[in-house]
Amino acid sequence: MSGSGESGGGREGSRTVRVSVALYRLALRRYPRRLRDAWGEEMVAAFRSLLEDETARRGWLGALGAWWRVAREMVGPTGRTGTEGGGDMGEKTGQGRRWLRGGVEDARFAWRSLRRDLRFTVLLVGVLGIGMALNVAVFSVVNAYLLRPLPYPAAERIVTVRPVTDLSWTAVDDVMERAVSWDLDVFTLVGGGEGPQMVRGSWVTPDFMDVYDVRAALGRTFRPDEAGAGGAPVAMISHRLWQDRFRGDPGVIGRSFEAFTSDRPDHAESFTVVGVLPRDFWYVNDFTEVFVPIRDERALYVGRLRADVPLETAEAVLTERARATTAGLPEDFRIRLTRVQDIHVAAVRPTLAVLQGAVLLVLLIASANAVVLLLIRSARREQELGVRRALGAPRGRLARQLGAEGMLLGLGAGIVGLATGAGILELARWGVPGMLGGSVPGGAEALHLDGTVALATAVVCGCMGVLFGGVPAGLLLARRTTAVLGSGTGRGGSDTRGRRRVRSVLVMAEVALSMALLAGAGLMVRSAVHLQTLDLGFDPTGVTRGTLGLRQSSYPDVDGRVAFFESVVQGVRGLPEVQAAGLASNTPFSGFVQAVPFESDEGREEPARAAEATAADVGDGYFHAMDIALLRGRGFTPADRVGAPPVVVVSASLAARLWPGVDPLGRRLRLMPFPGDRDGQPGDWHTVVGVVEDVTRDLRVPSDGQVYAPYRQQLGFWMTLVVRRRPGAGPVEAAVQGVVSELDAEVPFSGAAELEDLVGAARAPTRFTAWLLGGFASFALALSLIGLYGVVAYAARQLRRDVAIRMALGADRGSVTGYFLRQGLVVVAGGLAVGLAGGLLLGRALAGQLQGVAPDDPLVHGGVALGLLITAALAVWIPARGAGGVGPMDVLRE
Amino acid sequence: MVDSSPLTPAVFHVLLALNDGPLHGYGVMKRVEADSGLGMGPGTVYGSLQRLEDSGWVRVGQEDERDPRRGRLFHLTDDGRAALAREAARITRLADLDGVRALAPGRGGA
Chain A
1 MSGSGESGGG REGSRTVRVS VALYRLALRR YPRRLRDAWG EEMVAAFRSL
51 LEDETARRGW LGALGAWWRV AREMVGPTGR TGTEGGGDMG EKTGQGRRWL
101 RGGVEDARFA WRSLRRDLRF TVLLVGVLGI GMALNVAVFS VVNAYLLRPL
151 PYPAAERIVT VRPVTDLSWT AVDDVMERAV SWDLDVFTLV GGGEGPQMVR
201 GSWVTPDFMD VYDVRAALGR TFRPDEAGAG GAPVAMISHR LWQDRFRGDP
251 GVIGRSFEAF TSDRPDHAES FTVVGVLPRD FWYVNDFTEV FVPIRDERAL
301 YVGRLRADVP LETAEAVLTE RARATTAGLP EDFRIRLTRV QDIHVAAVRP
351 TLAVLQGAVL LVLLIASANA VVLLLIRSAR REQELGVRRA LGAPRGRLAR
401 QLGAEGMLLG LGAGIVGLAT GAGILELARW GVPGMLGGSV PGGAEALHLD
451 GTVALATAVV CGCMGVLFGG VPAGLLLARR TTAVLGSGTG RGGSDTRGRR
501 RVRSVLVMAE VALSMALLAG AGLMVRSAVH LQTLDLGFDP TGVTRGTLGL
551 RQSSYPDVDG RVAFFESVVQ GVRGLPEVQA AGLASNTPFS GFVQAVPFES
601 DEGREEPARA AEATAADVGD GYFHAMDIAL LRGRGFTPAD RVGAPPVVVV
651 SASLAARLWP GVDPLGRRLR LMPFPGDRDG QPGDWHTVVG VVEDVTRDLR
701 VPSDGQVYAP YRQQLGFWMT LVVRRRPGAG PVEAAVQGVV SELDAEVPFS
751 GAAELEDLVG AARAPTRFTA WLLGGFASFA LALSLIGLYG VVAYAARQLR
801 RDVAIRMALG ADRGSVTGYF LRQGLVVVAG GLAVGLAGGL LLGRALAGQL
851 QGVAPDDPLV HGGVALGLLI TAALAVWIPA RGAGGVGPMD VLRE
Chain B
1 MVDSSPLTPA VFHVLLALND GPLHGYGVMK RVEADSGLGM GPGTVYGSLQ
51 RLEDSGWVRV GQEDERDPRR GRLFHLTDDG RAALAREAAR ITRLADLDGV
101 RALAPGRGGA
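Residue numbers (our numbering), protein chains in the order written: chain A, 1 to 894; chain B, 1 to 110.
None of these hints come from the bench; they were simulated from the model.
Just so you know, even glycine gets a beta-carbon here, dropped at the ideal spot from N, CA and C.
Any given hint might turn out to be false.
To be verified - Here are the computed distance ranges between Cβ atoms for each label pair:
| # | chain 1 | residue 1 | chain 2 | residue 2 | range |
| --- | --- | --- | --- | --- | --- |
| 1 | A | Arg336 | B | His75 | 34 to 44 Å |
| 2 | A | Glu426 | B | Ala82 | 51 to 61 Å |
| 3 | A | Arg349 | B | His75 | 54 to 64 Å |
Stated by the list, open to error - Pulled a few chain B residues facing chain A out of the computed Cβ check, cut under 7 Å:
| # | residue |
| --- | --- |
| 4 | Gly37 |
| 5 | Gly41 |
| 6 | Thr44 |
| 7 | Tyr46 |
| 8 | Gln50 |
| 9 | Arg90 |
Unchecked claim - Covered stretches of chain A (chain B as the covering partner; in silico rule of three or more C-beta atoms under 8 Å from a C-beta of chain B):
| # | stretch |
| --- | --- |
| 10 | 27-35 |
| 11 | 836-843 |
Same shape as in the complex, but just chain A (with noise of 0.2 Å):
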């Protein structure tokens, strides 16, 4: 279908086939035996060879064509097949192919019966649909995300190899059919008439390119001979890049740009353009704008294990080949293979298999509440069955007409499901990723219906399909003949106990499913709004971030690193829609938090997760600009310099947490070598000179505090410039190039980015998953108060001529009333006890995703239950006052 899936689709396929085939195994039961014995296997060849062919031909409307063939032979008048008069295919074929045929009658009864009925069928097929229309739009993001296969070869095979060690990627090829090593790296181009421009890059193995099924849109990928040592200066670039430095000049090949990068910082090195990554290639565009191939060997990263060795195998291996390489391993020392796919889908996949599991939650109460008022209207035709009944109709083909209804209904609801889903899909596709905080594996793209949803669908509407049609064809062949007419005479239908039975617990079930879903909802609600209005402890609103990058050789020593980045915020400082700016190694929100660990003058070696803070080299106006509280002492001055006394501040949490109950002011502390880093050496002892507000660095990763010193004594080649703008101001980021380019042509302003824009970024998949949660619990209260009102509604009319004849003894309106009440509301009650113990459990599945709320808050599970309770007993007492408003006569004159 779509181009990017051409080698993802053959994987994909193959599962659907599978599945298929193993469902036209059980269909061949409905082969005649002697056809069956004969050919079986070879009948199940040609069904997977047809399969296979027309999904390659044509997607998932291939394989659907596929099944229709076998539907129609099966049913159809296409499957007689024999020569005339050469009837000896045995007795079953000629039953077989009768029930078939009844088959069809039966269902073209039912779609009469259920357009006589036209607006309870809508209604039904309807609310059915939506429930579906969710089940297919989610399960189809489900199966993006985490069913299908990533988009390069042999996905399942390809590991990541942690710790990494100093095993050399070419010793491992008897295990690893694939082996990559890449590193990570900076470019900055310059010159070529443009200005300078810092962008990441990757020094790869010539593996990468198969591995990671690098293609090129324009020219070609590496050759394994342009890697190693003497390696040539060619280079592969995204499109993204093709488009901006280079204009998307189509002779791009072949033309060369200057860059510098970390294998020669000195001078520009001059790298040949030989390919054009695709515009939408997955993953690989979102790490890297330049690929070139690697110059010395390094380290072993990813790789692709042959098909014949198990991961636990190649741990082994490597963990002995890595001691013989590298002495004074640890005792304990594993080398961990993981499964790229595994880390990809770990990210994604608590949100949506809650978003999964309260969709089908929403679906089973939908079909609860189907079942529910096709039993009414089943009761209410009671009279017509028992017509038919005495006319002659067996009790087997009524009960089969009823299941030939239920059947129409999921199929319809099918229907309207996959059309309805596949509308979903194509509004969301391009917000889904950034809800659910991870991109699509193969491109927004690949979220579309394919065969698996397709077939998942057809398999729940079988489902629905059974359990609409069988729970009243049931109940009806319960019963005994001669009451499904004799009990219909009179009242214009009557009811069982059964059929009551049932809708009871049936609606009561829905109230507890419901009563589930709108907790967890709450509790993601309540989660949304804490992170909403969570004091960040520094204010976002119209701050500018981005990096300035030095090189070695412009800028060997401190002081000169210094005085440049002085100059940058002095001249940023003094541009007109600047309120204030300042420098800092890392900010909040910037997918990275640098934890340290280390320890406090107390001399407690604490345990490393205990001690570990962020901490931050920062310049003096770093505070002001981000809006940081300064609680005690000082911030840094231009005093806090190299052979200056080294000085931090820490931000109050840490401070409580070190010295519980002491002035912090004046006390010590200093960084500790990482736990396993041996020759590591603890740092010099740092005074505390000031007290900051704690800062939320990460919503996803609870801070334990910061460490704060002072840019001067502490300087790298990387700072990341904060700039907030006076209020109303525009963008600033082309002004900030403009004072750095005048202070250093080749110094880029890169990744400038809205802390504000990061900060919603890093909401956005909680605030996703409430509204999502708070829509599907609605909708599910909506769908059992309706059954509620009309189990009690129903109840209601059927007793009307008692509810007549008591009222004309003497009993009084408000009796009547209470009757009905208190039906409904034991059945409430217990929707209610049964959905407290279902919302405290949904509660606890969702645990790993609430902020700021315990999962079995009280407020929110104690507020959804009273709120239930009182839009329920309204739905009740609706009809149940109705009930007592009847006049006797009335009744007994109809």
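On the provided structure of chain A, position chain B as indicated by the hints.
Showing chain B alone in chain A's frame:
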């Protein structure tokens, strides 16, 4: 027992497909589809072949050497070829009827 009463379209097309040489079941399916646009399912194909074998018009041979996974090959017997010829003659006779010609657009005033 075989007389000149008409063959069903399915049987006719299966015989016609085998006339050019032996095929496995899926080959028959593809060939019939190409000839006539008739999309048969596996049940129809194998059901027809089974009946034809019972009637002695088709013989079951070895597996296809080039592609054994697709199953055994079906050969047309002499009886089968004769039946196909009879049916072809019958159809040709039908097609030559004036009334039929008048109904078929494009072939009318031949």
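A quick look at each hint next to the structure:
Between Arg336 of chain A and His75 of chain B the Cβ separation comes to about 59 Å, which falls outside the hinted range of 34 to 44 Å. The hinted range of 51 to 61 Å is satisfied by Glu426 of chain A and Ala82 of chain B, whose Cβ atoms lie roughly 58 Å apart. One distance hint, 54 to 64 Å for the beta-carbon pair Arg349 of chain A and His75 of chain B, holds here, with the actual separation near 55 Å. Proximity of Gly37 of chain B to chain A is violated relative to the hint, the smallest CB-CB distance being about 13 Å (cut-off 7 Å).
The beta carbon of Gly41 of chain B is positioned within 7 Å of a beta carbon in chain A (closest approach about 4 Å), and the interface hint is therefore held. Taking 7 Å as the C-beta cut-off, the interface hint given for Thr44 of chain B holds, the closest approach to chain A being about 5 Å. Annotation: interface hint on Tyr46 of chain B holds; nearest CB of chain A at approximately 4 Å, less than 7 Å. A distance limit of 7 Å between C-beta atoms decides the matter here; for Gln50 of chain B the minimum to chain A is near 6 Å, and the interface restraint holds.
The closest approach between the C-beta of Arg90 of chain B and any C-beta of chain A is roughly 13 Å, which is over the 7 Å cut-off, so the hint fails. For the stretch 27-35 of chain A, the assignment as covered by chain B holds, since 4 residues bring a beta-carbon within under 8 Å of that chain's beta-carbons and 3 suffice. Look at the stretch 836-843 of chain A against chain B: 0 of its residues bring a Cβ nearer than 8 Å to a Cβ of that chain, fewer than three, so the hint is violated.
Hints 1, 4, 9 and 11, counting from the list given before, are not met by this structure.
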